[in-house]
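Peer 1: Letter by letter, the chains look like this.
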Amino acid sequence: MNESPAIDVRDLTKVFGRFTAVDRISFAVAPGDIFGFLGPNGAGKSTTIRMLCGLLASTSGTALVGGYDINREPDRVRQRIGYMSQRFSLYRDLTVAENLAFFGGVYGLSRGALRDRAADVLRLAGLSGIESARTGTLSGAIQQRLALACAILHAPPILFLDEPTSGVDPVSRRAFWELIQDLAARGTTVLITTHFLDEAEFCAHIGLISAGRLVALDTPAAVKSGVAEDVFELQVDDLFSSAERLKGIPSILGTACFGPRLHAYCPRGAATEQSLTATLGAAGIPVTALHSVPMSLEDAFMRLVAPAAALPGSPV
Amino acid sequence: MRRFFAILKKEFRQVRRDPLSLGMLVFLPALLLIMYGYALSFDVRHVAVGVLDLDRSQVSREFLDSLFGNPYFDRACTLDRQAEAEDLLNRGSVRCVLTIPRDFAAGLSRGEEVSVQALVDASDATIAGTVIGYLDLLVSRTSQRVRIERLARAGLAADLPVVNPEVRVWFNPELQSARFLVPGLIAILMMLSAVVATSLSIVREKERETMEQIAVSPVRPLELILGKTLPYVAICLLTMTLVLTLGYVLFGVVVRGSFLWLAVATLLFLFAALGLGVLISTITQSQLMAFQAAALLSILPSILLSGLIFPIRNMPAVVQAVTVLVVPKYFISALRKIILKAAPLESLWQDFLGMFLLGLLFYTLAIHKTRKAS
Numbered sequence: 001m002n003e004s005p006a007i008d009v010r011d012l013t014k015v016f017g018r019f020t021a022v023d024r025i026s027f028a029v030a031p032g033d034i035f036g037f038l039g040p041n042g043a044g045k046s047t048t049i050r051m052l053c054g055l056l057a058s059t060s061g062t063a064l065v066g067g068y069d070i071n072r073e074p075d076r077v078r079q080r081i082g083y084m085s086q087r088f089s090l091y092r093d094l095t096v097a098e099n100l101a102f103f104g105g106v107y108g109l110s111r112g113a114l115r116d117r118a119a120d121v122l123r124l125a126g127l128s129g130i131e132s133a134r135t136g137t138l139s140g141a142i143q144q145r146l147a148l149a150c151a152i153l154h155a156p157p158i159l160f161l162d163e164p165t166s167g168v169d170p171v172s173r174r175a176f177w178e179l180i181q182d183l184a185a186r187g188t189t190v191l192i193t194t195h196f197l198d199e200a201e202f203c204a205h206i207g208l209i210s211a212g213r214l215v216a217l218d219t220p221a222a223v224k225s226g227v228a229e230d231v232f233e234l235q236v237d238d239l240f241s242s243a244e245r246l247k248g249i250p251s252i253l254g255t256a257c258f259g260p261r262l263h264a265y266c267p268r269g270a271a272t273e274q275s276l277t278a279t280l281g282a283a284g285i286p287v288t289a290l291h292s293v294p295m296s297l298e299d300a301f302m303r304l305v306a307p308a309a310a311l312p313g314s315p316v
Numbered sequence: 317m318r319r320f321f322a323i324l325k326k327e328f329r330q331v332r333r334d335p336l337s338l339g340m341l342v343f344l345p346a347l348l349l350i351m352y353g354y355a356l357s358f359d360v361r362h363v364a365v366g367v368l369d370l371d372r373s374q375v376s377r378e379f380l381d382s383l384f385g386n387p388y389f390d391r392a393c394t395l396d397r398q399a400e401a402e403d404l405l406n407r408g409s410v411r412c413v414l415t416i417p418r419d420f421a422a423g424l425s426r427g428e429e430v431s432v433q434a435l436v437d438a439s440d441a442t443i444a445g446t447v448i449g450y451l452d453l454l455v456s457r458t459s460q461r462v463r464i465e466r467l468a469r470a471g472l473a474a475d476l477p478v479v480n481p482e483v484r485v486w487f488n489p490e491l492q493s494a495r496f497l498v499p500g501l502i503a504i505l506m507m508l509s510a511v512v513a514t515s516l517s518i519v520r521e522k523e524r525e526t527m528e529q530i531a532v533s534p535v536r537p538l539e540l541i542l543g544k545t546l547p548y549v550a551i552c553l554l555t556m557t558l559v560l561t562l563g564y565v566l567f568g569v570v571v572r573g574s575f576l577w578l579a580v581a582t583l584l585f586l587f588a589a590l591g592l593g594v595l596i597s598t599i600t601q602s603q604l605m606a607f608q609a610a611a612l613l614s615i616l617p618s619i620l621l622s623g624l625i626f627p628i629r630n631m632p633a634v635v636q637a638v639t640v641l642v643v644p645k646y647f648i649s650a651l652r653k654i655i656l657k658a659a660p661l662e663s664l665w666q667d668f669l670g671m672f673l674l675g676l677l678f679y680t681l682a683i684h685k686t687r688k689a690s
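If you read the sequences in order, they're chains A and B.
Residue numbers for the first sequence follow my numbering, so the first one is 1 and each next one is one higher.
Residue numbers for the second sequence follow my numbering, so the first one is 317 and each next one is one higher.
FYI, nobody ran anything at the bench for these hints, they're computed from the structure.
Misleading hints may appear alongside valid ones.
[What the hints assert, rightly or not] Now the stretches of chain A that chain B is said to cover, found in silico as 3 or more residues with beta-carbon under 8 Å:
1. 59-73
2. 170-183
3. 206-212
[Unchecked claim] Label-pair distances were calculated between CB atoms; the ranges are:
4. Ala97(A) / Pro632(B): 57 to 65 Å
5. Leu338(B) / Ala222(A): 27 to 35 Å
6. Leu538(B) / Pro260(A): 57 to 65 Å
7. Gln636(B) / Ser166(A): 53 to 61 Å
8. Leu336(B) / Ser166(A): 26 to 34 Å
No residue lacks a Cβ here, since even glycine has one placed at the ideal position from N, Cα and C.
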């Protein structure tokens, strides 16, 4: 990062009463980057993004967004950012064109600029031709893209997207991500939160947040390789009792349930498929199948937050 | 300016898309005015009176006839015994029982003072009070006439010095309560619709999270609040025109004063009422909560503490102090002065100032609250 970052977060903290929602978070996002802010519900993703957008005052620490301090110059920050939340905050009783006219207006676009920009964003979002449709009658996926179109109408250099893909079907999610990558390719800096870890593969950099703290901050590949463990996928008859008994084996650092299968984590190079099968056989744990699998982001996340959140079946 | 116009335009569009709410805002006050205008009447007419004439003389009959030749009292029934009176009053078939004593005519002819007993049902104090007042007046008028006739019969010229109060009732010569009530009712109905409409329109944006989208934009609190309230100013002015027209057509309430002061009073009132609506919307989170708060803060104080029914002058000092914050108090006072009295600015400015200061207070609090939240 040679240029000054588009978003520069420094020790940002938010305390609600006695609960620390965001705990001294620091990171930077380079211009034109897609930064994924990942973590379970309630980890502090939305609180962070709301502070960066000026919707919420920080308790301590600060951030520079587009070069302006969020606490000292919130008005300058507001002019440079676009924001879209998972609720797709549109006026459902207005038409698509009327929604665009309103959001263009609140950002001070002139009539001519609005006409040009509205046509641009509608084309970009693949929504041309539905200008006169009543927004409330559109599908969730279309509303999602319209909400994005409204958020980028004033051509903000920085875009904050708070869980924009939740509640949208997988095909539409995929299309939405293509749109985001398109925007980033044109130079827009994107900070996006999601609890879908598979979406992290679309991000240039990711930050993993758990219980208000950043537990990892790097490219998705580096985050995965940063966890010095091997992953073995086990097929067992009784998921829960097996998981319990596996914890007693010294070479296994931990386990996690992945649907009908178990993932067991061993120190890197400490075990092979054969040696682990033998160890489990000796311990009398029945295993139908055992394979070495590459570490996924979900595995990495489970291992990174394991000490903090060792709750069974914690949603990721 | 562009930001403000964008909000204004959007708000008008949304109001137009929602004809039900618009209809409620304009026609509900009109409907309520008609209902309350007819129902809320302090005029006492056609009071059923039972009569027990123990004297049965020509004098007593003449006396009774003189009592009933008007629209106030109806001779509902004639009693035979005093014992029936209680039952009639209990059943509510009469509101008053008049008893003429046995020696009524004889006493009068002897020049003694005679009493007529009136049993009045005071379960409704307002009606009872009015009945007693009317009775008093009618009885004393009758007795005066009887006296003069007697003197005349005795050959004396009826030039007794009598002081007659010549009361002239100004502004509402027939003392019709509708004249007095309609301006007040207009104020209260306007208060209700103005406060509810604005508070709901802002809280709706919070509920649907569109407020958040506005909060991340460069829109300033003042632009937002003005953009969201001005459409309601227009709607409320429409409502005001409608209820004033109805007041004239149905209740004969004519605006005697200047329409300029009427417009100024209405605008200042809307400034304050909409300010209260905005303030409520900044402290409530849901439309239900906002509606309840708006109803509680607009209707109750408006009816009880505005001087609509109960004169503020008669309230305890503490309650009088509270009425300073009641917006309709000033509007009712101003409307009565303008509509009934054609009052000049000199007697209106205090009401104007009151509404202006209250509006200023509400908006300041609301903007302060909005700024703190963002």
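Peer 1: May I ask which of the numbered hints given earlier this structure violates, with the numbers listed in increasing order?
Peer 2: Those not satisfied are hints 1, 2, 3, 5.
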